[in-house]
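Novice: Residue-level listing of the chains:
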Amino acid sequence: MTADLTAAPVPGPTLKSFPKPSELPVPPGAEGWEDLYPYFLSFRNLSGAEDEKFWFCDSQHWPTVFKPFETIGGEFAVKCLGQYNTRHLLIPPANGIEFKIHLGYLYMSPVPVPEAEVAARVPEFERRAGHYFQNWDSMLDGWHTKVRATIAEMETLSFEALPDAVPFDDIVGGVAKDGSEKLMESYDRLIQLCYQNWQYHFEFLNLGYLAYLDFFGFCKQLFPGIPDQSIAKMVQGVDMELFRPDDELKKLALLAVEKGLQAAFADTDDVQGTLDRIAALDGGAEWLAAWTEAQDPWFNFTVGNGFYGHDKYWIEHLEIPLGYVKDYIRRVDEGHQILRPVEELVAERDRVVSEYRDLVPAELVADFDAKVGLAATAYPYVENHNFYIEHWTMGVFWRKVRQLGRVFADAGFWADQSDLLYLTRGEVRDAIFDLVTGWAVGAEPTGPHYWPKEIERRRGIIDALSSQRPQPALNTPPAEITEPFTMMLYGITTEQVQQWLGDDDTAESGTITGMAASPGVAEGLARVVTHADQLGEVQEGEILVATITAPSWGPIFGKIKATVTDIGGMMSHAAIVCREYALPAVTGTGNGSTTIRTGQRIRVDGNTGRVELLED
Amino acid sequence: MTTTPDAYVQFFDGGLEPQHELLGGKCASLVTMTAAGMPVPPGFAVTTLAYDRFVDAAGIATEIAHKLAALSPDDISAVDSVSASIRDAICSRPVPPEVNSQVVEAYERLQSRFDSEVPVAVRSSATAEDLPGASFAGQQDTYLWLSGIDTVLAHIRACWASLYTSRAILYRLKNDIPDEGLSMAVAVQKMVNSAVSGVAMTMNPTNGDRSKVTIDSSYGVGEMVVSGQVTPDNIVVDKVVLSLVSQTVGDKHAELVPDFALGRLVERDVDDERRGRLSLSPEQVTAVATLAKAAEKHYGCPQDVEWALDRDLPEGSNLLLLQARPETVHSAPAAPAATPATPAAAAATAAPAFSLSGLTSRLTGQSGQSAH
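These protein sequence lines are chains C and L, in that order.
Going by this note's numbering, the first residue of the first sequence is number 1, and it counts up by one from there.
Going by this note's numbering, the first residue of the second sequence is number 617, and it counts up by one from there.
Think of the hints as simulated: they come from the structure by calculation, not from any bench.
Treat the hints with care, since some could be wrong.
Said to hold, decoys possible - Simulated crosslink set (DSS-like; lysine-lysine; CA at most 25 Å straight-line):
#1 L/Lys683 x L/Lys790
#2 L/Lys913 x C/Lys220
#3 C/Lys220 x L/Lys909
#4 C/Lys312 x C/Lys251
#5 C/Lys53 x C/Lys20
#6 C/Lys79 x C/Lys53
Stated by the list, open to error - Computed beta-carbon distance windows for the label pairs:
#7 L/Leu929 x C/Val342: 35 to 41 Å
#8 C/Ala347 x L/Gln635: 36 to 42 Å
#9 C/Asp369 x L/Pro655: 55 to 61 Å
Keep in mind it's a predicted model, so treat the numbers as computed, not measured.
Built from N, CA and C at the ideal position, the CB exists for glycine as well.
Chain C with its partners taken away, still in its complex shape:
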């Protein structure tokens, strides 16, 4: 706190601002929330700058409040994003993105490169980015090997209770260690492997965005006002790994219909019963073999986004994919075409590319070809990596974390395996030492006497923080947002910020606006979904209205008529999938899911980004 508040710079009279972090009220019961997170994550305003800088909330990736352990995803992801801009590629105008947690939510502030240093970075940037772009396929092959090796090693880690006595073999072998070091090493290794794949995550991601951004800028100059959708269509992959899990379910559904196994799917919530009924039918064995085959790796797929310890993964909740298969079977039996029209999508993409190409002035055609080629090569990574890191790596990671949590629960540290999430990852390390010390000396560890009460206290704080939505941004925005990654990755544009600041004006006349993310117009009844568990409520022909959607919601998109989301841009999951399924989508509305009610009749215009509420 400064002593003289009047000395703080006062924004100009017409400049609207978001609140300062220090102005936001702490919800009752959340007092002391800062101490739940590592010290460096909360605003300390040590230099006074945090109350001046513009921060925006990344509710796209972290829509709900972090439990202490869960900050690992935010820390690793945003740190590793930054390292590639700042230290690997030397992106001329952009360093990384600074990040803090405030009242449980993640806020970000892009770090520009000082104007005077930009030019000096250009030659190194071109050398480094150029190397990747010119060796894209072989380096990406290497990436797959590295990432899979990390996951394979992570799978080998296990967390189990220590035995009553060191095995006799260890005595004979002179091992002279009690096995507790294994528990500690495995924990450290788990964190390191998670970190490793987050470093790999960004090896190609920033470049994928750059190639896209380059083509995007080129198109916008050539064809002022060209819809973002058109540019996305030209570079978007069609046969994508991110769609593979959903495609596997469709294949399983078609196989079930072909073998006449429909009757076995009456109650898919009973997974074992369903699989037993299938096994008893002719052709059932073949289907079960295909079912097992599909799981590795494609069921390492979450209904969440990979950043939360409570995210459910198909492979551990087989009732989820089995339920989707059941739904696909029904649709096949009703005569629907469930496979994505891949050939038509490719033909449409080729048409769009060639029609724009025909309009390019002759002297720029070679540039157009080079840029669209590069973007089409590099861009699919932006979508596909998601399966390997957020889904597969994090699926294994969270499974191992739960396993460790169970060891503690069994030792009386806390009641439930998930209670570990209320510790920071540093505290978990301490708790392991507490656990093995008690075990080694034959006395009681301290944890069982300390953590249950502390966890309940922390749970109360997290619940209190969760009662309050984040601010979209903090402090005074710059007059214009120019930093390319902020715009590209987060859809934080000057217009978006203005809309947040003037959101009262947009509420008039029953219209909500957002990004025109997938073309077409549809009218129908809304189904508001704020959590993956509500997906079962979605009825055929409804319009999905969600805070945000996840790749594993794929099966829902075959049922609905259109999508409206609160969060996300042109390249958000909802936008990509809706273009795939030829459904209209309006994304990034900010308040769609809180303004629209389930059952309300709405009209979604994916060409203009407008959603009309047709009844009160």
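With the hints as your guide, set chain L onto chain C.
Specialist: Just chain L, lined up with the frame of chain C:
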């Protein structure tokens, strides 16, 4: 000059090749459009052979040539007087019966397609108009909402006579366009009963961007849009994916609509509700853009099309193409205005398929030349 039985008239949908010499620019365009499956209102051309036969039979060719030979473009009153006497001759001398009977029969055949007699438009279709680079639009006449064969015949003559308005005479004098071989075809076409109409250009005229279709649209008959008497809605659509790029609701304070009791078009005010919204639905915008795009594809160069939604036709098949012509004003410059400044350095790099210079300059906010 051969005279085949139907040489004085030709139906747009008659399946014959459009000969510019015979039909003039406008009618040739209508025949081509019809043949290409683009919906123009049904009708027929009174060919240049009909005009030539008339002039020949009336014996006025030498008289006209004589009168024009002595004219100076500076002597406006002499031009006016010569214009008046030539037009009077064209409107009063008898039309040869073989020409007259063919026009009458064609008119009856056209009307036989409808339950009751529909009004027609009569438009001049000069052989010299609308050449790329020398826009001659507006030099001849258009007569709308005509009913009855006698009225139609009189206006065909009026179109012929419009070749010799003072303005047309002066234009030819000043541009050294010879009068020898000058002729005129005339279009007789079912009058479009426009609920909404306008023009569509297959580019963005504000910056020469060819990836857009720009639509001006207003209520009623399109003449008010063309002549600038109303501020139309302005809608810009992406040409490739047909999605909306921008829209501006125009004032559209008035519309021309037919008053059948008076037998003519009347101007009336447009109410606030209709003024305050776009005159086209999103589906209609897409249809108009698709039509303009088809015209451009057909002709292979940017087009300027006039279109209308016909009140008498069912929704979905009521969009009519009234006219398409090469866009001559904005497409004339050699390079589009939207040419980017950056990629000049691209050719200099060793790797043929890849250059970072454009990307770098975009990131640093500098042009290609000054990136280093």
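Novice: Looking back at the hints listed earlier, which ones does the structure fail to meet?
Specialist: Result: hint 9 breaks, nothing else.
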